[in-house]
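Residue numbers (the working numbering), protein chains in the order written: chain A, 192 to 399; chain B, 264 to 654.
Keep in mind that a hint or two might mislead.
As a list, the in silico DSSO-like pairs of lysine-lysine whose alpha-carbon atoms are at most 27 angstroms apart [said to hold, decoys possible]:
#1 Lys604(B) x Lys439(B)
#2 Lys278(A) x Lys321(A)
#3 Lys370(A) x Lys278(A)
#4 Lys568(B) x Lys321(A)
#5 Lys323(A) x Lys278(A)
#6 Lys568(B) x Lys278(A)
#7 Lys323(A) x Lys568(B)
#8 Lys390(A) x Lys370(A)
#9 Lys321(A) x Lys390(A)
Note that these hints are calculated values from the structure, not bench results.
Letter by letter, the chains look like this.
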Amino acid sequence: MLRVSGVRQVYGGHVALALPAFAAGAGEHWLVLGASGSGKTTLLNLAAGLLRPSAGDIEVDAQSLGALQGNALDRWRGRTVGIVPQKLHLVASLSVLQNLILAPYLAGLPLDESRALDLLRNLSLTEKAKDKPHQLSHGQAQRVAIARAVMNRPKLLLADEPTSNLDDENCFRALELLKVQSRECGATLIVATHDQRAKQIFENRLAL
Amino acid sequence: MNLAQISFAYLRARPLATALNLLLLALGIATITLLLLATAQLEERMSRDARGIDLVAGAKGSPMQLVLSAVYHLDAPTGNIPLADAQALSRNPAVRKAIPLALGDSFRGHRIVGTNHDYPAHYGARLAAGRLWRDPMEAVLGAEVAASAGLAVGATFTGAHGLSDGGDMHEQEPFKVVGILAPGGTVLDRLVLTSVESVWEIHEHAGATERREITALLIQYATPLAAATMPRMVNASSALQAASPAYESARLFRMVGVGADVLRAFGLVLVLVAGLSVFIALLNALEDRRYDLAVMRMLGASRAKLMGLMLLEGAVLSVLGGLAGIALGHLCAEGLGMALKAAQQTAVTGWAWDPREPWLLALSLGVGVAAALLPAWRAYRADVAPVLAEG
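Can you build the whole structure from these sequences, using the hints too?
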């Protein structure tokens, strides 16, 4: 499903990052562990096609990302990859529901409002549908970000430090939610974190 | 969901900035709209009033004053001319039509014009009620006069000496209303028409038993060649001067036009300042929004789509501002028209469109889109991954 081979990032003439070869199968849940600066976020950005490797190749669902350019790459990302960024980045001027609808709209997919409402119900956010993101608690905002990431039923779900600033209870709840949602759309889940607590519930781990 | 909805959501999220930008754009466009409407309608109205009148013959003085007083009934007359001279001029073979005008009295600020039936016929006036005058002291009211005085056919009224309100009343010589003209959008709307004899009768009874005189003669040439010879011929005679309405009103518009040009330039400056303001607003918005734009790319939006979003926002803002400005301009024109109507001046209305108005909308749109270009280009160029990582 996700295959990373020989990837190097070169900044200013020297190798800043060399990722180990790594492959994650379809539907697998992986934890990428490492201190900050170890390249976890870079790995996620590379897998999403948001960054280009200086050398090496990345394949997602048998598609080599090096072969995709410009609009085609954006379009591919919108339809194939769901991303929960560390800073969530919900769109402040849109309502919670509109934030979810934004995902299929920008990916050029049919605007499935009933899926958005289903997701909000599953995440107990129904009554927040018309609210703006600033009216949400951090936990609620994170659930909205996860819902947005799975709106288009991605094949690859990427989450960057989803447990930072969360207490134990919420930490496990967030990770569980990611697992449940990725299972629901049959997506491969990659969680990048430095949070050692996460180790307990992931069997596949990659240390950077 | 579409780009327009997202643009609107962003504009709504910054109500103060959006309102200020709209206001700035609207003020600029409104200034230009008002100028377009006012000058176009004034010019239209003045050319309609002067249509078919090639020359005005009257007493010596300022030619512009003669045209303003005899054609547009705005200024005081230059004086009177002997009837005999006017009749001699009327018989000239180069003259097709010569309409005598005898001025001197008014009714509630509306001029009482002694003339013949050629005068209403010249403007193609139709009667709304009654008939034209036959005997002395019969009068026909223009539509505005009848409406403002509330007089109907059969009513009587007395004229006042002089052209403005407040002169001595000619109490012994009441006029009888025999007809009311339908509104025609010409100078006739503001006039009281009667026979030249009525005017003479009033003033002879008032004690002024001078030689018979009229105030001016409106002349239409029988041949275009007359334009070359007739003015010189009239001016050479000792008592008369000739003035061309076309020439004098063009001269007037050249003088007034400088002021209109200054105002137009002022309106344009307002529009450009508004454009600058939209530019700054969008640039700031872009700064606030780099995360949103990065997230949109993350969700699969192409660079072109984000660029379109920024351009659309500039366009939405400028079209709304332009529409508001045009509406405001029409409102101001109507207000100006009402103020002028109270002063019994040539009317301006906001309920008329100028064919150049779509261009104003285009100007507004152009300014808005131009202001959005740089922000749009920056949105196009922005790199996603580093932006997502900060925050």
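Hint by hint, here is what the structure shows:
Restraint check for lysine 604(B) and lysine 439(B): the C-alpha separation of about 25 angstroms stays at or below 27 angstroms, so the hint holds. Note on lysine 278(A) and lysine 321(A): the hinted pairing holds, with a Cα-Cα distance of about 21 angstroms set against a maximum of 27 angstroms. Between the alpha carbons of lysine 370(A) and lysine 278(A) the distance comes to roughly 20 angstroms, so the proposed pair stays at or under 27 angstroms and holds. The suggested pairing of lysine 568(B) with lysine 321(A) holds, with an alpha-carbon distance near 25 angstroms, which does not exceed 27 angstroms.
A hinted pair counts as satisfied when its Cα atoms are at most 27 angstroms apart, and lysine 323(A) with lysine 278(A) qualifies at roughly 16 angstroms. For the proposed pair lysine 568(B) and lysine 278(A), the alpha carbon gap of about 23 angstroms is at most 27 angstroms, so the pair holds. For the hint pairing lysine 323(A) with lysine 568(B), the CA-to-CA distance comes to about 23 angstroms; that is within 27 angstroms, so the pair holds. Distance restraint check for lysine 390(A) and lysine 370(A): the Cα-Cα separation of roughly 14 angstroms lies within the 27 angstroms cut-off, and the hinted pair is therefore satisfied.
For the given pair, lysine 321(A) sits about 36 angstroms from lysine 390(A) by alpha-carbon distance, which is inconsistent with the 27 angstroms threshold.
Consistency note: the structure conflicts with earlier hint 9 alone.
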